[in-house]
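Participant: Each chain, written out:
Protein chains: 2
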Amino acid sequence: MTPPAAIEVTAVTDTEGVTLPDPLQANVKSNDIYGRRKKSEKNQWGVAAPADAKTFRHHKHGHKPSAKNWDHRLSKESASREGSSLKQAAKYLGKPGIISLGGGLPSSDYFPFESLEIKVPRIGHFSEQETKESGVVLHAGKHDLAEDKSIFDIATAFNYGQGRGSAQLLRWVTEHTEMVHNPPYSDWTCTMSIGSTSGLDIALRMFAERGDLILSEEYTFATAVETAAPMGVNVVGVPMDAEGMLPHSLDHILSTWDPVARGARKPFLVYTVPTGQNPTGATQGAARRRGIYAVAQKHDLYILEDEPYYFLQMQPYTGPNAPDVPPPASHDAFLKSLVPSLLSMDVDGRVMRLDSFSKVLAPGSRVGWITASEQVVARYSKHADVSTQGPSGISQLVLFKLLDEHFGHEGYLDWLIHIRLEYTKRRGVILEACEKYLPKEVVSWVPPMAGMFHWLRIDHTKHPSYPSRSITDIEDTLYLNIIEHNALMMKGSWFIPDKSVSPEALFLRATFCAASSENITEAIRRVGVAVRESFRLVEGKGEVVVEGNGNGVH
Amino acid sequence: MTPPAAIEVTAVTDTEGVTLPDPLQANVKSNDIYGRRKKSEKNQWGVAAPADAKTFRHHKHGHKPSAKNWDHRLSKESASREGSSLKQAAKYLGKPGIISLGGGLPSSDYFPFESLEIKVPRIGHFSEQETKESGVVLHAGKHDLAEDKSIFDIATAFNYGQGRGSAQLLRWVTEHTEMVHNPPYSDWTCTMSIGSTSGLDIALRMFAERGDLILSEEYTFATAVETAAPMGVNVVGVPMDAEGMLPHSLDHILSTWDPVARGARKPFLVYTVPTGQNPTGATQGAARRRGIYAVAQKHDLYILEDEPYYFLQMQPYTGPNAPDVPPPASHDAFLKSLVPSLLSMDVDGRVMRLDSFSKVLAPGSRVGWITASEQVVARYSKHADVSTQGPSGISQLVLFKLLDEHFGHEGYLDWLIHIRLEYTKRRGVILEACEKYLPKEVVSWVPPMAGMFHWLRIDHTKHPSYPSRSITDIEDTLYLNIIEHNALMMKGSWFIPDKSVSPEALFLRATFCAASSENITEAIRRVGVAVRESFRLVEGKGEVVVEGNGNGVH
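Protein sequences, first through last, are from chains U and C.
All residue numbers for the first sequence refer to full-length UniProt numbering, where the first residue is 1 and numbers rise by one.
All residue numbers for the second sequence refer to full-length UniProt numbering, where the first residue is 1 and numbers rise by one.
In isolation and in its complexed conformation, chain U is listed as follows (with noise of 0.2 Å):
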C-alpha cells in the first residue's frame, strides 16, 4: 500500500470531457416522491405479484443512453438461464373472473400470525433510550391489503413472492435510488437481494468461469474472496493507497496482462468497496472513481459495487482537540456531502451496485438491493428465482412499515444523519485512544472517513527481530501478544486476496462499531501496551494496568 494521495473532489466529468449531469442536482428531491407516486394497480401488491422497479421511477430518461450489452461478459450458466415455465400461466391470472386451480400458494387461512407490530423511533428521537420511552408502534394486520387499510399485509407478505422482492418495498428502494444517484442512463432498475454476500454469490455466478481471475483491492474482504474460490475464481490484488484502488495500477496490470503467464484470460470483473472499505477504511474520492471507471471504459471491464459503508461516511475529522463540524443543515447538504457513488457515474450501465440495509438497519433482516441495467438485472433476479428466491417476506413488511409508512424518504435521511453522527462519535473515540496509547515510532494511520474499520500500520523494521523473522511472522507474534493482553484485533494479512502474496508491510484492523466506547479506549490502552512489549519499547503513556476488566463484548 502506497501512502495516501491527496484526496481532490472535482466536478463531475466524465473520461470524454463531457460534462454530466450533476447527479445532486438532478436528484429528485425526497419531499417530492410521495406527492408524485401513481395510484398503482390493486393487483400490483397482492400475492406473489410480479413487480418492476422500472414504473417506481420518476424520470422518464428519454435523454439518457441505454446500457450496454453484456452478453460478451455472461457466464455459461448465466446466459443459459430460462424463465420458468409455470410462470407461462401466470399471464392468465388477470382474466376477469377466472379461478385459478393453477400455482400451488397456501392459502393464508393457514398462516398462523393474525397481526404483527413493531416498536421503533419517533423521527428525530432515534436513541435507544427514546424509542424505549417514546417509540412509535407500528401495526401490520393479516388482511389490512383487503380491507384497504394498507398497501402490505400479512396475507400477503407471509406468502410467496417474487425473486425481485415484493413490489411495495422495492418501490421505496427505487425511489430512494434515484434520489440518492440518479444513474445517467435509461434502463436502469432495482431488485431486491438478500444481503449483498449473496448478492455477490449471484454476480460472480453470472459474470465469472472456472479458472477466471477478478480483480479487486489489494487488501479486501475476506469472504468475497471465499465467495470466489471454490468456484474456481482467484482475486488479483490492485495496489491501493489511503484513497483505496489506484487506477494507474489497474490500467497497468490490464494493459500488460499475459494470459500464458497468468494462465488465465484478462480480467473483465471488478469487486470494489468504494467506501470506508473493508478492512482497509479506504474511502475513494470523486476523482479517483471517475479514474477507475475511465479504466473501466479503456478495457470494457464489469464493476461489483460494493457499498454496505456508504451511509457510514462521517463528518469531516478535525482533529484531537479541534471542535466539530456541525451536522448536515439540511438533506441536500447531507446528500452533497456524501462522495458520488460509481453508479452515479455509470454512463455505460457497467456498474451492478450493492446496497445493504445492514449497517444502517439490522443485518438479521437480510434484505438488500441490486440496482443495475434492465439486462443485468433480469439475469439476476431468474436466478434468485431459482436459488434464494426473494427476502424474507417478514422481514420485508418489517421494513416497509418502518421505512415508508413511518420514516418516509425524509425520515429516513434523519436517521442516516443520526447514525452518521453516531460513527463520528465512535471514530473520534478509536483515533483519541491511538493518539493516547500507541506509540507513534511504530504504529500510524489515517482517520477513516467512512465505514467500521481503522486500519493501523505497524512499522515492522521496527521489530527487534526483523529482519531475520518475516512479516507474517511477526505479525503472529503480535497479534498473539494483544490477545494476551486481552484485546483482539484482526491481521492484516488475512485480507490478502492472493495467499502465495508475501506482505509488504504489517497491519492491524480494528473496528469502532461494535464495542462501548470505554471498551475501545480499553482494548486500545492494550494494544499500546503490546506493540511495546512486542517491540520492546520504553513503556509511553499506556503504563501498565491490571487486565480482565473488559467485558467479552464482540
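By construction, these hints were calculated from the structure, which means they are not laboratory data.
Don't take every hint at face value.
Remember, identical chains collapse to one label, so a pair may be satisfied in a single copy or spanning two.
[Claimed, not checked] Under the rule of at most 30 Å between Cα atoms (straight-line distance), these lysine-lysine pairs were calculated in the DSS-like manner:
1) 382 <-> 76
2) 132 <-> 42
3) 298 <-> 42
4) 336 <-> 425
Given chain U, work out where chain C should sit, using these hints.
Facilitator: Okay, now just chain C, sitting in the frame of chain U:
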C-alpha cells in the same frame, strides 16, 4: 406413468433383512423434550454465536453406525471449499475479559426496533376467526437475553448470524427432527436453510458437475429442473406410478447405463419428493421408500429428499358418501399415521432431507432446514456462510416465539393435526366436484394422500382429433379451452424434465390449496364443461351456466 400399484405398509425392515429399530417406537416423546433440555451456556445464544445441532440431540446413538463418507461424490466446488480465515479469531472470544475490536458486527444501539409482537392462535383454537378473537400476543424485547427474559431477542436476532442459523431455532428443529424421524445413524445433524429452493440449489452445487445427469420422477417439480439446467445438469425422469418413483425402473436405468450413449457418467444423485409429489400428488408408501433406498444402496446413490408436503398427509380417503375417519386420537397416533421418511430408514447417511415451514406455517418466512450427516451439513453450511447466510433473523425470532416459547412441540403437533384436517376437507371438496362434474369416460384420477395437488389423467385417445394431432397439441387446446371457460390448471407436460421427451399421456394439475371451497367446486365444473366441449361429449351433469362469477383467487 403406469397404473397405480397397491400401497403396502409393512414393518420397517432394511433391505438386507435386518430389522431396524422402528423409528416411531424409538421416538423421543415430545413431552419429554423440555424437561430433558440441558441448561445451555448463555454464550450459545449470543450475537452470531456458532450453533451445533448435535448438542441438541437427546439420544447419544452410541449403538448406531456412522454415516458413510461422501468425498467421492462432492463437486470440485464443494470439495475445495475452505472455512473462513476470519473465523480463526472467533476462538478467542471466549477468553475471560477480552475486548474484541475484531468482528465488524454493528452495535444493536443502532437497530431502530425496540420490540416486536405477533398475535398468534391459542393452542387448539387455530382458525383464523378464533385467532382474531382469542389469539395470544407474543412479545420480543430488544434486550430480553441480557435481561434474562428470554434466550432470544431483537439485539441478537436482528444482528448477523451464522450460516447454520441461530442456536435458538436450530435447537427446536433438531428436537422436532429427532422426534419425527430419529435417523438410524449416529452423526446426523441439522442446519437451517433459507427454504428448500435454495437448499436444492446448494445441494446441486455440492454434488453435481456441469454435464452430469441426475435422477427424478418422470413428472417432477419444474423449478428443480430449472435450478439444475443453467448449471449444465439435466434430469432423467424415472418411470412412476401413483406411488411415485418405481424402484425397478430406477435400478434398470442405472444397471443398463451406457455413458457413451447417454453422454454422461452414471448418475448418483436422486431428487425425489416422496410425499404428495409435485405435480402428481403421488405418495411413496413405506415399502416403496425401502425399495428406492435399496436401489440407492446397490448403486451408491445419494438422495435429496425434498419434503415440503410431509405434514400435508391427509386422513384416509373414504369416498364421497362414506363417513370421515376420526382424527388421530393422540400425538403418538398422529406420528404413527405418517409414512416413514427416507431419513428414518437411512442407515448409511445417504439422504439429505429438505424440510420447510412454507406449507405448514408461512412461505414468506423463508426458513427451512436440512438434515444430513455432519460431513454433508458442514459442506452445506460453509456454502451458506459465503452466499445465502442463515435465514432472516426477524423470521427466526418470529418462529422461535411461536414454536418454542408458545406452541412447544406438543402444540405444534396439534397445529399440524389441524392443518391435516383442513387439507382433508379441501381434498374432499375437489374430489366431490370431480365426481360430480367431470366426464369419467375421459378423466380419471387417484385420490391424493398428501400435498396440494390433484392430478387428472385425460384419455387423449378419446379425443376426436387423435391421433392426427399430437398429445401436446390436444393438451394445449384443452388448456386454452379451460381458460376460455374461466378456470386455470397447469399442463402436465410442463413437468416433464426432459423437454425432448414426448408425453405418452395427457395430464392436468389442479391445486386445492388456495381457492375457497366454492371456487374449487365452480372451477372443476367449468373444467368439466371445457373437457366435454373439447372431446365433443354429450352434456352430462355439468350443464352450461353463465360464466364469470368466480373471483380471481390465485
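Participant: Provide an ascending list of the numbers of those earlier hints which the structure does not satisfy.
Facilitator: As far as the earlier hints go, only 3 is violated by this structure.
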